[in-house]
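First to last, the sequence lines map onto chains A and B.
Sequential numbering of the first sequence, starting at 1, is according to the UniProt record's numbering.
Sequential numbering of the second sequence, starting at 1, is according to the UniProt record's numbering.
Keep in mind that the hints are not guaranteed to be accurate.
Derived, one-sided and incomplete: chain A residues facing chain B with beta-carbon distance under 7 Å [what the hints assert, rightly or not]:
| id | residue |
| --- | --- |
| 1 | Glu237 |
| 2 | Asp280 |
| 3 | Leu285 |
| 4 | Leu438 |
Here are a few chain A residues that sit away from chain B, every Cβ distance over 12 Å (derived from the structure) [as the list claims (entries may be wrong)]:
| id | residue |
| --- | --- |
| 5 | Arg26 |
| 6 | Arg163 |
| 7 | Asp298 |
| 8 | Ser323 |
Quick caveat, the hints were computed from the structure, so don't treat them as lab data.
C-beta atoms are modelled at their ideal positions from N, C-alpha and C, and glycine is treated no differently.
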Amino acid sequence: MFDAIVIGGRCAGAATAMLLARKGHRVLMVDRSTFPSDVISTHFLWPHGTSYLNRWGLLDRVLATTPSYTELTLEHDGIPLTGGIPEELLRQYFQQLHGDDSGVVRRYCSVRRRVLDKHLVDAAGESGVEVREGFAVEELLTEGSRVVGIRGRTREGTRVEERARIVIGADGRNSFVARTLKLPRFDERLKCTFAYWGYFSGFDAGRAHLLRRGRMGAAIVPTNFGQNMTLVFGPSEWSEAFRRDIPGNFQRALDFVSPEFGERVRTQGQREERLYGTLDQAAFLRPLHGPGWVLVGDAGSFKDQCTATGMTHAFRDAELAASALDGWLSGRQPLDEALKHYEARRRSQSAAAYYDYVCTLAEMKPLRHDELQLFVSLRGNQEESNRFIATHADIAPVSEFFQASNLYLINDAAKESSRGHAIFENFESTSRQYLNNLFAA
Amino acid sequence: MPIQPREDDELIGAILGAADEATRGMKGRSLEEVLATPDARETLRRCATELGAAAREVSEMMRNWASHIPWESMTALGEGPPSASDEDGAVRALWGFLRQELPQVRVDLEEMWRPAHLRRDADPDETYALDKNAYDFYRPVGRNLMQRTEEFHGWVEARRRTETWQYSRVLEASPGSIATITNDVGRRTQGINFNSQDYLSFNAHPAIREAAARALHDYGPHSAGSPMVLGNTRISDALEAELGDLLKMEHLTLFPTGWGAGFGAMVGLVRQEDYVVIDRLAHACLQQGARAATRNVIRYEHLNIEAVRQHLQDIRSRDSRNGILVVTDGLFSVDADWPDLVTLQDICRQYDATLLVDVAHDLGAMGPGGTGVLGMQELLGKVDLVMGAFSKTFSSNGGFLASRSAAVKQYVKMFGGSHMFSNALSPVQTAVVLEATRILRSPEGEVLRGRLFKAIHALRDELTRRGLTCMGSPSPIVPLLIGNEKLARIANRRLFDRGVLAFMVEFPVTPTGSSRFRLQVQAAHEPQDALEAARIIDESITEARAYLSSAFGSGLV
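With the hints as constraints, model all of the structure from the sequences given.
Laid out in structure tokens, this is it:
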């Protein structure tokens with residue numbers, strides 16, 4: 001009999017298991033994969049993501065082989081904004097969410113999952129978690145309506161049953177736990193992006209470049225093994241046309257969003273693996289807990305990749321869920337009360353506003369004139385640029401940036417005008433042109 | 001470069017293609033018939049090999065992501081050389097897979113490879129109406145100023161058609177605790193009225209109506225000029241004196257609207273080199289006044305006095321020549337809270353900054369003798385500048401600026417454009433405000449405030465008991481936090497149908513993502529009205545959440 005069984009041993013699962021074990025609880029963690037192992041992912045950890053790793057004492061080993069930076073560039077229709085996340089905003093984030101701002105770092109990184117997840121699984125094991133890799137869960141054990149354990153097949157092929165006081169579903173968007181329990185989906189936002197990416201060596205992008213033009217986006221971020229994670233994404237309704245020639249359209253998309261990076265990838269870039277892609281990205285929420293079970297990470301709330309916050313949010317969930325479950329397992333709080341606290345933070349007004357922000361971005365509409373003008377206004381206003389980036393990453397609340405008095409003020413205080421940004425000269429026709437499918441035959 | 005495996009899309013295509021070909025090859029035959037038909041048997045064996053090979057080539061990335069797809073069943077197909085003991089093993093395995101697993105696999109794979117939104121219908125009007133915010137239209141594009149308003153208009157029309165437009169409702173009769181209204185598509189309803197601003201219910205007070213009638217009789221409806229010229233009457237003088245006495249500030253200037261008072265005070269006093277340090281939730285007339293007066297506008301975190309101290313210190317460390325105006329509301333109308341004005345005024349004095357407090361929502365309706373937040377903090381006559389509006393408690397348009405300086409008064413009258421260049425308050429309005437001031441200072445005023453607060457407590461307690469979030473402290477405004485705009489718009493549509501009139505506020509009144517109902521309580525509300533309204537509001541929010549299938553809103557601010 002375990003205190004907790006965690007199904008899924010990646011960002012959300014391994015971290016939750018590790019944190020519970022460190023509190024002295026008996027934890028079993030199972031995953032179908034054997035590590036190191038890759039999975040579709042943005043690989044991106046925003047500074048609050050790396051801060052979580054640092055709080056858990058794992059950041060140094062990850063950064064030993066992973067390039068990291070404090071500044072990044074967001075570019076919208078050729079208008080660049082470079083900035084970083086101020087420590088103060090990070091501290092406010094951790095205080096607000098966890099009541100403790102220790103271990104804050106301003107660095108972000110792009111880390112291959114075969115690197116990161118291995119570190120996480122190892123750290124869980126070192127913390128006393130019983131880790132079983134290559135374990136396929138086949139059934140949830142129930143008593144009445146209560147989940148009491150799992151039945152599954154070990155790596156060696158034997159069938160086993162294990163029981164625990166709580167079963168934690170950390171098994172991703174297509175969660176077995178959620179499907180088995182037939183959990184409903186709430187707040188579905190079906191419009192999402194298709195995303196294709198590859199790993200290119202041969203050049204150094206220097207820091208993260210997150211780019212948008214028209215209905216397309218791209219990201220070029222240095223990652224492990226001297227490679228650059230190079231991603232293009234667009235509205236899912238264009239995916240069919242894109243798929244007719246994946247390598248050709250990949251390059252075409254990159255050239256369109258950023259002629260500069262298109263050129264670098266074409267002339268200097270060496271693709272190290274095949275291209276990967278998905279459009280399985282429609283956003284939804286699921287119930288977060290019920291009798292005998294809890295969901296963490298993507299299993300309980302999935303959003304489009306376009307702001308690359310999934311891994312960071314998985315870490316957030318792990319810390320929130322582990323502290324709630326510890327409160328219950330140690331007898332300080334009834335389970336319902338402890339989980340209400342967890343749920344309240346994941347379903348808060350701020351969380352809803354950010355969810356809307358991401359889902360709206362994921363529709364990949366051409367940037368409006370006012371949006372571009374805002375980016376022009378932000379140039380030369382480093383403090384507000386930083387706050388915008390922090391807002392984009394779900395560190396500062398959406399409501400504090402997108403507030404009438406703030407936006408009007410940014411506009412009024414603009415140190416640059418829209419003159420000199422060519423997009424404004426023929427904005428209307430360019431904008432209309434952006435609506436045409438870039439990959440149509 | 002080494003030969004790369006095929007991309008996952010192509011492999012999924014190959015898997016489904018092989019499955020389809022095998023299914024065609026079966027042609028309704030039984031397994032035994034297939035095994036007995038050499039062509040069919042050969043086709044299935046080849047399909048099994050192809051399907052298995054494609055499945056094994058699918059990336060680890062994809063297999064670990066799509067954990068619900070039975071990859072093991074597929075990768076096992078056609079693996080290794082056929083065994084001598086069971087040379088039809090591959091065919092049998094494929095047969096089983098096609099029969100038992102393929103239908104679900106196909107559904108799941110198609111779901112992953114086809115854009116989800118193309119498979120479902122939604123009302124495009126409602127989607128458009130709900131997904132947008134007023135902010136999305138703030139910077140229209142195009143050089144024709146008139147034409148470029150069309151896009152916003154299209155959105156408003158979509159919201160009107162879906163009855164999610166909370167503005168431009170029309171009263172059918174005097175607004176009391178119950179009101180009859182028509183929404184802007186002509187649908188009428190009657191409901192418990194938390195939508196009107198009339199905190200002490202003076203609009204229906206006989207003495208107020210009598211004062212209005214008397215002024216109309218004595219002076220006519222029109223003031224016929226700027227207050228700087230000949231727009232004022234003896235009633236104006238009496239009102240200035242009465243309000244000055246209430247505030248313990250002898251120099252008072254009337255403005256035709258509260259907006260004019262706030263905006264006029266800012267642009268009258270502040271010049272381009274000066275600074276405005278303003279609470280970021282202060283009223284729009286003050287925010288826009290600040291922007292009109294200077295580019296040196298610093299917004300500080302709501303109510304954060306320490307932040308003000310820090311800003312003043314920063315400014316004074318580099319500029320000792322120019323003025324600083326610190327601006328705050330008394331009672332904040334969207335959050336129902338107020339600042340520590342004692343400390344704020346002290347800090348301002350310390351750095352030679354001037355403090356302006358907007359008491360539009362609290363003066364008259366709360367505090368000892370109706371003196372509002374200033375009276376509650378024992379600051380009557382002790383704050384540099386006080387401005388207010390009559391429209392919440394005093395039953396009329398209009399506003400004022402008060403100070404203890406005759407010079408400030410004269411200066412703002414001349415240079416705050418909204419005083420000099422507007423027509424004066426009408427005699428009727430002036431008389432109404434004067435009578436309202438007298439009543440609210442009398443024992444009757446205490447009784448009315450007592451009734452008002454009884455209703456306020458009943459409403460807040462019942463909403464809270466039902467697990468909803470009332471922001472701030474007890475005051476005539478009860479902000480009920482919703483957050484998500486879509487939820488608020490749909491809940492508001494329900495409320496209209498179910499007989500509660502509430503003002504839903506969203507951007508630009510509140511920041512995006514923090515919409516709320518602003519419930520405005522009146523002295524005429526019975527506690528029973530509050531209980532009934534709270535029940536309906538609670539149910540409407542629940543229904544709206546179910547309608548939108550939303551899980552948000554169970555959490556914190």
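Is arginine 163 (chain A) truly not at the interface, in the sense that its beta carbon sits beyond 12 Å from all beta carbons of chain B?
holds, 23 Å
Satisfaction of the leucine 438 (chain A) interface hint, Cβ to chain B closer than 7 Å:
Nearest chain B Cβ about 16 Å off; hint violated.
Are all beta-carbon distances from arginine 26 (chain A) to chain B longer than 12 Å?
The claim stands: arginine 26 (chain A) keeps its Cβ more than 12 Å from every Cβ of chain B (closest is about 25 Å).
Interface hint outcome for aspartate 280 (chain A) [beta carbon to chain B under 7 Å]:
holds, 4 Å
Can glutamate 237 (chain A) be said to touch chain B, with a Cβ gap under 7 Å?
holds, 5 Å
Satisfaction of the leucine 285 (chain A) interface hint, Cβ to chain B closer than 7 Å:
holds, 4 Å
Could you let me know if the closest chain B CB is still more than 12 Å away from the CB of serine 323 (chain A)?
holds, 15 Å
Are all C-beta atoms of chain B more than 12 Å from that of aspartate 298 (chain A)?
violated, 10 Å
Consistency with the previously given hints fails for numbers 4 and 7, ordered from lowest to highest.
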